[in-house]
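The listed protein sequences derive, respectively, from chains A and B. Heads up: take any position in the first sequence, counting from 1, add 15, and you land on the working numbering. Heads up: take any position in the second sequence, counting from 1, add 28, and you land on the working numbering.
In case anyone wonders, no lab produced these hints; they're calculated from the structure. Quick reminder that beta carbons are idealized off the backbone N, C-alpha and C, glycines included. Among these hints, one or two may not hold up.
[Said to hold, decoys possible] The list that follows gives simulated cross-link-like pairs (lysine-lysine, DSSO-like), each with its CA atoms no further than 30 Å apart:
id, chain 1, residue 1, chain 2, residue 2
1, B, Lys73, A, Lys98
2, B, Lys73, B, Lys132
3, A, Lys72, B, Lys73
4, A, Lys98, B, Lys30
5, A, Lys72, B, Lys132
6, A, Lys98, B, Lys132
7, B, Lys70, A, Lys98
8, A, Lys93, B, Lys70
9, A, Lys57, B, Lys30
10, B, Lys107, B, Lys70
[Said to hold, decoys possible] Which chain A residues face chain B? A few, computed with CB under 10 Å, are given here:
id, residue
11, Val19
12, Leu54
13, Ser63
[What the hints assert, rightly or not] FRET-style restraints, in silico, Cβ to Cβ:
id, chain 1, residue 1, chain 2, residue 2, range
14, A, Val39, B, Asp67, 19 to 25 Å
15, A, Asn67, B, Asn93, 50 to 56 Å
16, A, Thr22, B, Ser109, 27 to 33 Å
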Amino acid sequence: EPEVTQTPSHQVTQMGQEVILRCVPISNHLYFYWYRQILGQKVEFLVSFYNNEISEKSEIFDDQFSVERPDGSNFTLKIRSTKLEDSAMYFCASRVEGLGEQFFGPGTRLTVL
Amino acid sequence: RKEVEQDPGPFNVPEGATVAFNCTYSNSASQSFFWYRQDCRKEPKLLMSVYSSGNEDGRFTAQLNRASQYISLLIRDSKLSDSATYLCVVNMGFSGNTPLVFGKGTRLSVIA
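Okay, chain A solo, but in the shape it has when bound (with noise of 0.2 Å):
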């Protein structure tokens, strides 16, 4: 059965360093998302992108952020200069079309020292 996958699995990095989170969605699905969950709370979503562009992002997503489709089947996620405040899980997900529902990898682990 397809599958997103995400790499890395934990990634631990300094304040102020930039990191890149990447993802595989599955094949054939249209749209690409980011989310991600602090500790203990809630899932919340960061970006959605289609046809190669943003459609639409959280307040979360501020400048620090951006993302990228670089080819035909990586999507990441860019932090440029990380802040305590950014460790969290990021989950990347995709879906096919419509309103069906999303399949999520199983997430980078981002802490932030």
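Following the hints, put chain B in place on chain A, whose structure we already have.
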């Protein structure tokens, strides 16, 4: 503000028990509804979609009341493996671009 509210939990139940979770959502224009399951430090996994007519999948039954903006999940004959956090999730928009809005989740512990 678009919100999804759930029972705070935790629910601690014996094996074989029936347990029900409730959820309300704020946006009456919401289009699609889901229950996801999340195990500790894992990704959310779809348990079932929720339809206006109600739907059942084995021991799990989901109901939607659009007038009350209320969603429920019933689990019958609980198993130890049902222990997890159950997330009520709503798509509050009209397109595939619209993000999912998650509730905080209700933790279920099924005890032998």
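Structure-based check of each hint:
1. Lys73/B <-> Lys98/A: 29 Å, holds
2. Lys73/B <-> Lys132/B: 15 Å, holds
3. Lys72/A <-> Lys73/B: Status holds; Cα separation ~22 Å.
4. Lys98/A <-> Lys30/B: 26 Å, holds
5. Lys72/A <-> Lys132/B: Holds. Lys72/A to Lys132/B sits at ~20 Å (cutoff 30 Å).
6. Lys98/A <-> Lys132/B: 24 Å, holds
7. Lys70/B <-> Lys98/A: 23 Å, holds
8. Lys93/A <-> Lys70/B: With a Cα-Cα distance of about 22 Å, the restraint between Lys93/A and Lys70/B holds, given a limit of 30 Å.
9. Lys57/A <-> Lys30/B: 14 Å, holds
10. Lys107/B <-> Lys70/B: 19 Å, holds
11. Val19: 8 Å, holds
12. Leu54: Because about 9 Å separates Leu54/A from the closest Cβ in chain B, which is inside the 10 Å limit, the hint holds.
13. Ser63: 5 Å, holds
14. Val39/A <-> Asp67/B: 19 to 25 Å: At roughly 22 Å between Cβ atoms, Asp67/B and Val39/A fall inside 19 to 25 Å, so the hint holds.
15. Asn67/A <-> Asn93/B: 50 to 56 Å: 39 Å, violated
16. Thr22/A <-> Ser109/B: 27 to 33 Å: Holds, at about 28 Å.
In this structure, only the earlier hint numbered 15 is contradicted, and the remaining ones agree with it.
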